[in-house]
Amino acid sequence: MIDSNIVHSALKAQRSYERRRFLIISLLALLLVLSFVFDIATGPSMISVLDVTHALAHLFGFPVEVANTTQIIVSSLRLPMAVMAVVVGGSLGVGGAEMQTLLNNPMASPYTLGMAAASGFGAALMLYLGSLGLESNVAVPIGAFVCCMLSASLLFGLAMMRHITSGQLILAGIALLFLFQSLLSLVQFVSSPELSQQILFWLFGSLTKSSWTNVSITAGMITLCLIILIKDSWKLTALRLGEERAKSLGVDVTRLRLKTLVLVAIMTATVTSFVGIIGFIGIVAPNIARMLVGEDQRYFLPLSFLVGAFLLSSASVLSKVIVPGALFPIGIVTAIIGVPFFFWLIMSKRR
Amino acid sequence: MLEVRHLHLAFDDLVLADDMSFTLKAGQTHVIIGPNGTGKSSLLKALFGDLAPQQGRIFFQDQEIDRKHLGEWRQHFGYMPQDIRLDVGLSVLEVVLLGQLDALSLKLGDSLLEEALGALHQIGLVHLANRDVRTLSGGQCQMVLFAQALMRQPKILMLDEPVSALDLHFQQVMLDHLDSQTKAKDWVSVMVLHDLNLAAQYADNLLVLKGGKLVAHGSPKEVLTPELVETVYGVKADVILDSAGVPFIRTQRNGHEAPLAAVV
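Going down the list, the protein sequences come from chains A and B.
For what it's worth, the working numbering labels the leading residue of the first sequence as 1, then goes sequentially.
For what it's worth, the working numbering labels the leading residue of the second sequence as 1, then goes sequentially.
Same shape as in the complex, but just chain A (with noise of 0.2 Å):
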């Protein structure tokens, strides 16, 4: 009954789309390879990148021969600010990607429920707390992640009560990220102007503050909220049918949203804590994503992860160069150059 040659070309067609998209997830690593050797080799003092390339296999345990200054630089210097970049853009890119598929909505990223604001500040009242006696590169990012997640777990009740539409979650968050500005222009105002400085550059974002440890954090808790996020793929691809239809073919979506916000949640506190409020790339990383993949969330969600590291990578390097010697706050590179290219998005997607 079957006309089987009809569905073998079919089927033959579907296997060279997933070849092709895998391919594409490949060309994005081997590019993000190539920023973050470049991240390393640029700096103050610049290493070639063959010398980078010599001190990471060094440091693999490899028998290579590398300048016993060059291989500190790298190591313990550019090393961890390199790694953090590719997990702090990848976890954003995720981030958005979730959001955007959770509330239907190309425009959503992490940022969009107002958990930056929380975390924004969550950091400042720690500043201006005087960091409650610790020391203040440990409180300011426990600040800034409580806050975060205090935010946040208003919107997880919200999302666990039934019938309760994405369009209405876009309006609470959006009220707790005007309630969180506020609050964080009410301490800057109150702050003396030294303190207000401070408060602002947090607010930058910057990944100068990178170090080993707080690098394996951040590394340690993207890979365990990426592998459950992965195990819900098809799931996630279902609810992008929209919420009623995600039902009828089985999916819990109560559970599965606030299953995915709380993992999101987690992910861009941890990020914010750590490097401050880094734009853009939330926003831009999933859309490049689903252009080039469409939203099957098996491609979707590794492709965004791996957009999200590439520019936060190469804006890394963009800080570095713009003024030599001196390091440009990265949260304001990736607008920079994250505006144009948005607008350029939006407009190639006029039909």
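It is worth saying that the hints were derived from the structure and are not from the lab.
Take these hints with a grain of salt, some might be off.
The following label-pair restraints were derived from C-beta to C-beta distances [as the list claims (entries may be wrong)]: (1) B:Gln181 x A:Glu244: 21 to 31 Å; (2) A:Phe342 x B:Phe11: 35 to 45 Å; (3) B:Ser137 x A:Ile337: 33 to 43 Å; (4) A:Asn5 x B:Asp62: 44 to 54 Å; (5) A:Leu23 x B:Asp132: 14 to 24 Å.
Which residues of chain A face chain B? A few of them, derived with a C-beta cut under 7 Å, are [claimed, not checked]: (6) Val7; (7) Ala13; (8) Gln14.
Result set (PhoX-like, lysine-lysine): computed pairs, CA atoms no more than 25 Å apart in a straight line [stated by the list, open to error]: (9) A:Lys259 x B:Lys107; (10) B:Lys236 x B:Lys221; (11) B:Lys236 x B:Lys210; (12) B:Lys183 x B:Lys155; (13) B:Lys68 x A:Lys259; (14) B:Lys68 x A:Lys231; (15) B:Lys155 x B:Lys68; (16) A:Lys231 x B:Lys107; (17) B:Lys210 x B:Lys25; (18) B:Lys155 x B:Lys185; (19) B:Lys221 x B:Lys183; (20) A:Lys12 x B:Lys107.
It should be emphasised that the depicted structure is a prediction, and the values quoted were computed from it without experimental measurement.
Note that the Cβ used here is the ideal one computed from N, Cα and C, for glycine as well.
Chain A is fixed; fit chain B onto it per the hints.
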């Protein structure tokens, strides 16, 4: 066999089901008709467990709906909601595959893909398999979603206005396929239709809803009378039997009763 006992469903003071009881046999196509806003879609949602009725019990083969473990209950269902918009970057094949959500893993085997392609082939859409769903017409989307519902290999198939965007050809393809599969696989098929003539042609059992009550049920020939059409829809109609002995409903224009002189 899907059984509903004493169902009461209401939103505030809007009563959608008032002490409603009926049984839907397997191997039959059950068509629900009734005026707009009588709660046809809500009834399907209640059967699916998405709306909790104030009272009443729902059984499928002696298993009662369990609101704590809806996942188990919903396994039996293929359900196609009314909304047919698909604004997502997926191929037709991927959308159909989602019908078998529980069987999908990161690496898809050939057999699963073949099954999805088979579902598309049966309704004559396999040539669209690799197309992006955003490039499809509304009617094509509706057919793809029908294939998705079939892919679930349901025991109960519920379709909410499944032919609203289809042309004559695809109306026939879908409903013929539904009818033959229902009988071959012993499904309980439930569908909401607005077109009384299609309902008359394809229903084994017709359920007429109005104001939260099951006004009439049975074979189309027994149920569809000019009196029923007038009481349910407030529209005067002629009911004629066509060449196959199936009722055919022809509505009359308001204020255009045939003048006696014209009969001459």
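The hints, checked one at a time:
Taking 21 to 31 Å as the suggested C-beta distance range, the pair Gln181 of chain B and Glu244 of chain A conforms, at roughly 24 Å. Phe342 of chain A and Phe11 of chain B have their C-beta atoms about 42 Å apart, which keeps the hinted 35 to 45 Å range intact. The supplied range of 33 to 43 Å is met by Ser137 of chain B and Ile337 of chain A, whose beta-carbon atoms lie about 39 Å from each other. At about 45 Å, the beta-carbon gap between Asn5 of chain A and Asp62 of chain B stays in the expected band of 44 to 54 Å.
Checked against the hint of 14 to 24 Å, the C-beta distance between Leu23 of chain A and Asp132 of chain B comes to roughly 19 Å, which is consistent with it. The beta carbon of Val7 of chain A is positioned within 7 Å of a beta carbon in chain B (closest approach about 5 Å), and the interface hint is therefore held. A least Cβ separation of about 5 Å between Ala13 of chain A and chain B falls short of the 7 Å threshold, and the interface hint therefore holds. Taken as an interface hint, Gln14 of chain A checks out: its beta carbon lies about 6 Å from the nearest beta carbon of chain B, inside 7 Å.
Only pairs whose Cα atoms come within 25 Å are accepted, and Lys259 of chain A paired with Lys107 of chain B is accepted, the gap being roughly 23 Å. Taking the CA atoms of Lys236 of chain B and Lys221 of chain B, the gap is near 18 Å; set against the 25 Å cutoff, the hint holds. About 17 Å separates the Cα atoms of Lys236 of chain B and Lys210 of chain B, which keeps this hinted pair within 25 Å; it holds. With a CA separation close to 12 Å, the supplied pair Lys183 of chain B and Lys155 of chain B stays within the 25 Å bound.
Distance restraint check for Lys68 of chain B and Lys259 of chain A: the Cα-Cα separation of roughly 18 Å lies within the 25 Å cut-off, and the hinted pair is therefore satisfied. Simply put, Lys68 of chain B and Lys231 of chain A have alpha-carbon atoms about 24 Å apart, close enough for the 25 Å limit, and the pair holds. Between Lys155 of chain B and Lys68 of chain B, the direct Cα distance comes to roughly 21 Å. Compliance with the 25 Å bound is thereby established for this hinted pair. For the proposed pair Lys231 of chain A and Lys107 of chain B, the alpha carbon gap of about 12 Å is at most 25 Å, so the pair holds.
In summary, the hint linking Lys210 of chain B to Lys25 of chain B is supported, as the alpha carbons are separated by about 22 Å, within the 25 Å threshold. For the hint pairing Lys155 of chain B with Lys185 of chain B, the CA-to-CA distance comes to about 8 Å; that is within 25 Å, so the pair holds. Distance check on the hinted pair: Lys221 of chain B and Lys183 of chain B sit about 20 Å apart at the alpha-carbon level, within 25 Å; holds. The hinted pair formed by Lys12 of chain A and Lys107 of chain B meets the criterion: a straight-line CA distance of about 15 Å does not exceed 25 Å.
Checked against the numbered hints above, the structure violates none of them.
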